[in-house]
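Enquirer: Residues per chain, in single letters:
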Amino acid sequence: MSTETINVPEKKKKEGLFSKKNRKVLRDPLDDINPVTVQILGVCSALAVTTQVKPAIIMALGVTIVTAFSNLIIALIRDSIPGRIRMIVQLVIVALLVTIVDQLLKAFMFDVSKKLSVFVGLIITNCIVMGRLEAYAMSQKPWPSFLDGIGNGLGYGMILVIVSIIREVFGSGSLLGFKVVPQWLYDHGYTNNGLMMLPPAALFIIGCFIWWQRNRNKSLINKS
Amino acid sequence: MHSNKYTFIYATVLSIITAVLLAFASEGLKPFQDANISLDQKTSILRSIRSTEMERKAIEKIYTAHIRELVVNSAGEEVNGVKPSEIVIKEELAKPPKERRMALYIYTADDNKKYYIVPLLGVGLWGPIWGYLSIESDFNTVYGAFFGHKSETPGLGAEIAEAPFQQQFQGKKIMSEDHQFVSVNVVKKTAKTAYGPEHRVDGVSGGTVTSTGTDKMLKNCIEPYLSYFEKIKEGGDKMTLK
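Chain order of the listed sequences is D and L. Residue 104 in our numbering sits at position 104 of the first sequence, with consecutive numbering throughout. Residue 98 in our numbering sits at position 98 of the second sequence, with consecutive numbering throughout.
No wet-lab data here; the hints were simulated from the structure. Keep in mind the model is a prediction, meaning the values are calculated, not measured. Positions of the beta carbon are idealized from the N, C-alpha and C atoms, including for glycine. Careful, some of the hints might be misleading.
List time: in silico DMTMM-like cross-link candidates among lysine to aspartate or glutamate, alpha-carbon distance up to 20 Å [to be verified]: (1) Lys-114(D) / Glu-55(L); (2) Lys-115(D) / Glu-55(L); (3) Lys-179(D) / Glu-53(L); (4) Lys-173(L) / Glu-223(L).
Partial pick of chain L residues on the chain D-facing surface, computed with a CB cut under 10 Å [unchecked claim]: (5) Leu-14; (6) Thr-18; (7) Leu-22; (8) Ala-25; (9) Pro-31; (10) Pro-128; (11) Ser-137; (12) Asn-140; (13) Thr-141; (14) Gly-148; (15) Thr-153; (16) Leu-156.
If you want the footprint, here are the derived chain D segments under chain L, 3+ residues with CB under 8 Å [unchecked claim]: (17) 76-90; (18) 103-111.
All chains should be built: construct the whole structure from the sequences, respecting the hints.
Expert: Here it is, written out as structure tokens:
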């Protein structure tokens, strides 16, 4: 994570692929405008799919792909979209991408798709996706929009993975399915924390994360 | 501002393009998805006879070598010309018992012992639950059980899909001593029932609706097979008499 403390997202471009501004577009959502902990978007799925690390990673990848490509497509056709059906067009594009991701998971990662079940379909309603389309892609060029999508997807994914690591280690004593809590600890009376398996645990962890983040980065405190 | 005509044409063209893309994606990926679903079913069936095999190839190998699939009706006759994969349990359960056709999987172990695997389908709290129950060749003792669910609550109802719950079924009996069908009852440990401990397993605490659903599913799905089991038993007795 970057230690950058300047925020206030900037606009206007006209430069190279990974210019300073474009890097900022990519990096800011990881920290200063993180979709989950600062914008408080996409919390529902963050509670639901983080009991284990593997589904969390796949979900993060799914959301990243969907935000990146929907941002790209919408930015490409942004001038041709009739204003009155703007939202519907966005929704159709998002739904198209999500359905394709869902079909791919069912074909090549069946186990994960079973675990994620309805939450893949619910990416469509994930506020991050529509939020970025409205706030960014509708008014920006394709390339920065694409980066913004990737940045926001990764910012969301980062929180998901952190939460899921904590939940899996303390809830199941494993990491990515491998046992990490040694047997002798269990023999000495240690038990897995059942709360970690339930959705409220994610809420507590995200809450602690927000607390820590704002304590570290004072500029966030008055923003929300 | 775009004209109405433009808006209409735009919406139509967009819909057609997305529809075509989705149709291609769906058709192109269907073979892979079907293969996954069929493998998942085979894995579940093998779980019910206490197999812990994870490898795709090994599962296919054990399945083809040891499992015989057949379809029976509730009169206890074997139905020819229908494959179990063509049977939709949900539709069959909606029919009156007399018209039902049911899939049955027979596993023959290396020592020639036979296990009869019955597919199960029922309702939990949030959605469907399903499973497979294997019965030993005395048509009474449960050898193993496997359950799955669509969307039960993790930590509560979803516990039916975990090994500790499923292992309870091993060695339980489905018939009472006077040869009546009593099934394996999923009840609270402290609940008073007319059945002995060999007919009951401990339900999931906090997952009452799922437990009751599992209980009903077992009764509902096993009973129609009894006449077939009865026939095989008689057939088997005759064979030993000869």
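Enquirer: Next step is simple, just say for each hint if it's right about the structure.
Expert: Hint check:
1. Lys-114(D) / Glu-55(L): With Cα atoms ~18 Å apart, Lys-114(D) and Glu-55(L) stay inside 20 Å; holds.
2. Lys-115(D) / Glu-55(L): 19 Å, holds
3. Lys-179(D) / Glu-53(L): Given that 20 Å is the threshold and the Cα spacing comes to 19 Å, the pair holds.
4. Lys-173(L) / Glu-223(L): Measuring from Cα to Cα gives roughly 13 Å; hence the hint holds.
5. Leu-14: 6 Å, holds
6. Thr-18: For Thr-18(L), the interface hint holds, since the closest Cβ of chain D sits about 5 Å away, which is under 10 Å.
7. Leu-22: Given a least distance of 6 Å, the restraint on Leu-22(L) holds.
8. Ala-25: 5 Å, holds
9. Pro-31: At 8 Å from the nearest chain D Cβ, Pro-31(L) passes the 10 Å test, so the hint holds.
10. Pro-128: Constraint on Pro-128(L) not satisfied, violated at 12 Å.
11. Ser-137: 33 Å, violated
12. Asn-140: Given a least distance of 33 Å, the restraint on Asn-140(L) is violated.
13. Thr-141: Because about 31 Å separates Thr-141(L) from the closest Cβ in chain D, which is outside the 10 Å limit, the hint is violated.
14. Gly-148: Given a least distance of 9 Å, the restraint on Gly-148(L) holds.
15. Thr-153: 9 Å, holds
16. Leu-156: At about 9 Å, which falls below the 10 Å cut-off, the nearest Cβ of chain D leaves the hint on Leu-156(L) intact, so it holds.
17. 76-90: holds (count 8)
18. 103-111: Our answer is that it holds, as 6 residues pass the Cβ test (under 8 Å) against chain L, meeting three.
Checked against the numbered hints listed earlier, the structure breaks hints 10, 11, 12, 13; every other hint is satisfied.
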